[in-house]
Amino acid sequence: MSKIDSYRRNFLSGLAGTAAAVTIAPGVFLREVQAKPADEPISDKVRWGMLIDINKLSDGGDACIEACKKEHGWGDEKHSNDQQDAQWIRKVKVTEKMTGKTMSLPVMCQHCETAPCVDVCPTGASMKRADGIVQVNKHICIGCRYCMMACPYKARSFVHETLVDQRPGTPRGKGTVESCNMCVNRVDAGKNPACVDAAPEAMLFGDLNDENSQISKVLKQYGGTQIRADLELNTGVRYWGI
Amino acid sequence: MSTNTVFSEVKNSGLGYWAVLGFFGLLALAGIAAFYYIHHHGHYVTGMNNQIVWGMPHVFAIFLIVAASGAANVATVGTVFGKKIYQPLGRLSAFLAVALLIGGLVVLLLDLGSIGHVIEMAFGYINFKSIFAWNIILYSGFIAIIAVYLWTMMDRSKASKKLYKPVGIINMIWRFVLTMGTGSIFGFLVARQYYDAAILAPLFIVASYVYGTAIYTLVLMASFKMTGRELGDAVLNRLRYTLAIFIALVFFLELVRHLTNLYATEHHGVESYILNGGPFSNLFWYGQILFGSLVPMFLVWCTFLRNNRMALAVAAALAVFGGLAQIYVILIGGQSYPLVLFPNSETSSTFSDGVFNAYSATLPEYLLGIGGVGLAICFLIIGMKIFRLLPTTLSDASVDPHHS
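As you go down the protein sequences, you meet chains A and B in turn. According to the numbering used here, the first sequence is numbered sequentially starting from 1038. According to the numbering used here, the second sequence is numbered sequentially starting from 3.
Hints in this document: simulated from the structure, not taken from any laboratory. One thing to keep in mind: the hints can contain errors.
What follows is a list of derived Cβ distance ranges for each label pair [as the list claims (entries may be wrong)]:
{"id": "1", "chain 1": "A", "residue 1": "K1130", "chain 2": "B", "residue 2": "S362", "range": "23 to 31 Å"}
{"id": "2", "chain 1": "B", "residue 1": "L17", "chain 2": "A", "residue 2": "P1208", "range": "53 to 61 Å"}
{"id": "3", "chain 1": "A", "residue 1": "M1135", "chain 2": "B", "residue 2": "F306", "range": "52 to 60 Å"}
{"id": "4", "chain 1": "B", "residue 1": "I128", "chain 2": "A", "residue 2": "G1112", "range": "32 to 40 Å"}
{"id": "5", "chain 1": "B", "residue 1": "S362", "chain 2": "A", "residue 2": "E1077", "range": "44 to 52 Å"}
{"id": "6", "chain 1": "A", "residue 1": "E1077", "chain 2": "B", "residue 2": "P281", "range": "25 to 33 Å"}
{"id": "7", "chain 1": "B", "residue 1": "L220", "chain 2": "A", "residue 2": "T1136", "range": "26 to 34 Å"}
{"id": "8", "chain 1": "B", "residue 1": "I128", "chain 2": "A", "residue 2": "D1076", "range": "24 to 32 Å"}
Glycine residues also receive a C-beta, built at the ideal position from the N, C-alpha and C atoms.
For reference, chain B alone in the conformation it holds in the complex (with noise of 0.2 Å):
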């Protein structure tokens, strides 16, 4: 990796830093108190039941997990495509990447029923066949990964060195099964309507990158700002092309699994549930389709914004907007539409068979999915302070000598 490049912690403690702390800190606490208020009184407190298993504090944790695996993909442009100016931009992807996972993991383990239960879990009985039980070795290999590969980079020993590259292929290999992994959570669900589709899994590995590449965008400007360190137009402008391309990937991908279902006539209802009319279809049109993707992408390719950091700065958060819609209605939209179990026929009874299932979340799981972002960021800023993740500099003079 590039050797010129110095990086520093985060040494100005000013009341800058803490008040950002404290504020991240106050939403951890607010998740932790949700979680305790839950699994108190027992999911009957949540807008959670029988037909929406999953719910808000998933659309958090799904989506925090995802974006982690696309978090440490600029690290990986940098080390295994050999691209020079992404590396030095690697310590921080590699931290925020990890950091986003715990903050992920954290949400899914306090929604769990019996959490007391996960313990025994660690000593006993666990069924391999299960995706989710792929997910506990991908999620704690990736964090362990994540660990070697960040002495790679910060170690100045010649094994360190020698590593790198090798380390960085490993964690990219590893992050793509782990996105998969995550995106077959619902893959693999065969009577569900909306899921049962092998695009899934590609599906989320490339929304990862956009979720990912979007957080990082804004972490690196706000933390350069707050630091008061250069960052130039070579660097932004890379991630900023980065940002939009996958963002017209996910688009392209989103396009083909839509069309691929609707001209199955099975899928023709779930498909007009989502797209036509049903309580999702202004979340998906607006939120995922216009704001988070067409929106973001005009921002970026407008040849009127070129270098403009607002207009990025709010094409990323666009993008992560969109992201949470698109989570939000795979997973709770899915869940909506009722399963068929006698088709062409319609069906009703006590337990919810044959509707429309509505869900609205209530506060304490707002809290506990918005929790774990606040850990995911507390865990970053106390890792900035403690680790040299940031470079003192990322100006184009720094990053490319040869940047006119």
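This is chain A alone, in the form it adopts within the complex (with noise of 0.2 Å):
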């Protein structure tokens, strides 16, 4: 097969890729997630992950990004300036130089299978729960930020002054760092993350190691793509149309 027709035919198989998500889309956006009881432990049987289309992100990540700040209280810091306020998620404009295709996509912690920063972390706070979540104990944070300096995708904030009100689910302090936690609170509640729910027609949340799930099935089928995939850090979050 000449060079031409071989592109010619990736570039078809991914418009029907494409095509066939939009039209799957009503059936396979749906929430597969199960309360897990507070007594039993977290079990590595499952992994979760999540998937972004951002094609069907209208407004880049915006919803999402309004959502987790109302979830988890972060982005009101009085005294803080612009670089040291905590960004659990933030919509990244990318455009790409030669071509200038550009696109905006949310980018949050990526929940690493092997994470730098849990590798990273003195004293085990940077951690990655067997379920695959990775989340910061803020009990045994001692505030190195050798986690931040270690994060490939800047998903870590450190909280630079006091804060009040912090929301129930969500502990948060001074002088320790924080980042996305795939919103554990919602998640061991039966829950989705907020952030899927703020924009379902975009997002899918499920358990990567059940390939019976919605998210592993399209996964099989279509691919799904890691930032930074160089790293092979084997991400728990992966997108289409980057």
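Starting from two chains that each stand alone, build the complex the way the hints lay out.
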């Protein structure tokens, strides 16, 4: 097969994949999270993951960001400047230098399987749950910020000031590091992460270890791109359209 | 070790001693005040942020820790390599190393966001995959080894003399690993364009010799002058040429590091940012390279300045300045360059994606860092008064009978 034919075939199959995703979307993007009994330990039989189709995010992720802010209460620090404010999720605009093609996508903790932030943390505060959710244990975080140096996605923030009126499900505090925890409190209660509920047409949440889960099925069929896949971190957050 | 050297404490506690102690004590107090201020308000009162997460306090802390390892090198040369002329210098070398290490560690500790959790950490889980965790063991082990090493140098028992060389060798190996561990803090950061290079480990080892030798030389000259002891050219010339050779070695390793980076297309951006026109370029070329490396080497190797003590003092002071510049460029410059999430693309966001991050240290950060220097020197000066660290003389005749 000539190079051009090969290119054409790849292009057409990509188009077909996107069309298929659009067609099956109403059936695919279903909630499939089961509540975990409080006395049951976290199991590594599950690996939570997320798929984001940026072509369907008409606002580039603004609604997700607002939902995350509302759920976890970050972003209204009184004294911190713009560079010091916490941001658990952000909208990144990307323009390819040569072609000028632009896209916007939400970027947060990618919940790596082999997370650099977990490797470098001296106390184990930066940890990965058995079910793949990466988060910070605020009770033992000493605030050294080594995890922030190590994170390839710049997904972490340091709390630069005293906070008041934190959300009950989201412990936050001055002098500790924080980041997207995939709404672990909601997931354990059998709900979707807040961002997924804010953009159900574009985001899918589920168990990557369960081959019958919707997310596994569509990822198996159409794949899913990782940001900085070259680092081989096997992220739990995958994208379509980047 | 040399048995005919006589050591003594600093006895003449005149106004000069207390004035020096008071000055550095004030610096240490200012550092503590800065810690209290930052701790009370939170880090928003500093120039550090979510992009530049380690700032000026870390520049001082890393410099002091790296210098500590190098300061002990003077003792190593006497013990491990049997150079007799270095042996009378060993006590001060080992004690200075501990003083600098404590100064640096205290700064690191006091900059932590949640210092209270450190106590829990001591009784809790430690992640041994973390270089930081390794460093905690390496640093505390270093202090313990130095304590034994000092004992072998200062005690007259047979047991201590027997242990002098083995402990010296252990100390040398331990320092080697310790400085590699400090360099590896950066070497293991996979996603940062300016780090993630194994050469940072040997670079830090050699840089430690520069910083340590420079500080040791300045401390030796100042303490001998202030206590009225004789310091001959034989000792100073050894330190002088040691300093210059180590500066040349750092220069070489930096050259290799940058040339390697310049070969790889993916690093062109960050190299251009650091070397050519970015906010760190002047500090790199004038601070680290010209005044921190080339001028000191000239001051040492220029034949007109042979035996010139002022030239040596200036060279050592410039090497210290160059070292601070080097750490600043590596630490702040490396963080200032944006992370590359999407190669060959321009990125922007409300979280400083794709921009060169600016950093400007605030007064409390300077005070915290300088406070660590103050604490280290206070510790040293008090040590000189309690222990017999300084030889009564280092005249040419006493250190080398064949010196002409």
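A quick look at each hint next to the structure:
no.: 1; hint: A:K1130 - B:S362: 23 to 31 Å; in the structure: 27 Å, holds
no.: 2; hint: B:L17 - A:P1208: 53 to 61 Å; in the structure: 55 Å, holds
no.: 3; hint: A:M1135 - B:F306: 52 to 60 Å; in the structure: 57 Å, holds
no.: 4; hint: B:I128 - A:G1112: 32 to 40 Å; in the structure: 33 Å, holds
no.: 5; hint: B:S362 - A:E1077: 44 to 52 Å; in the structure: 50 Å, holds
no.: 6; hint: A:E1077 - B:P281: 25 to 33 Å; in the structure: 53 Å, violated
no.: 7; hint: B:L220 - A:T1136: 26 to 34 Å; in the structure: 57 Å, violated
no.: 8; hint: B:I128 - A:D1076: 24 to 32 Å; in the structure: 29 Å, holds
When each numbered hint is compared with the structure, violations occur for hints 6 and 7.
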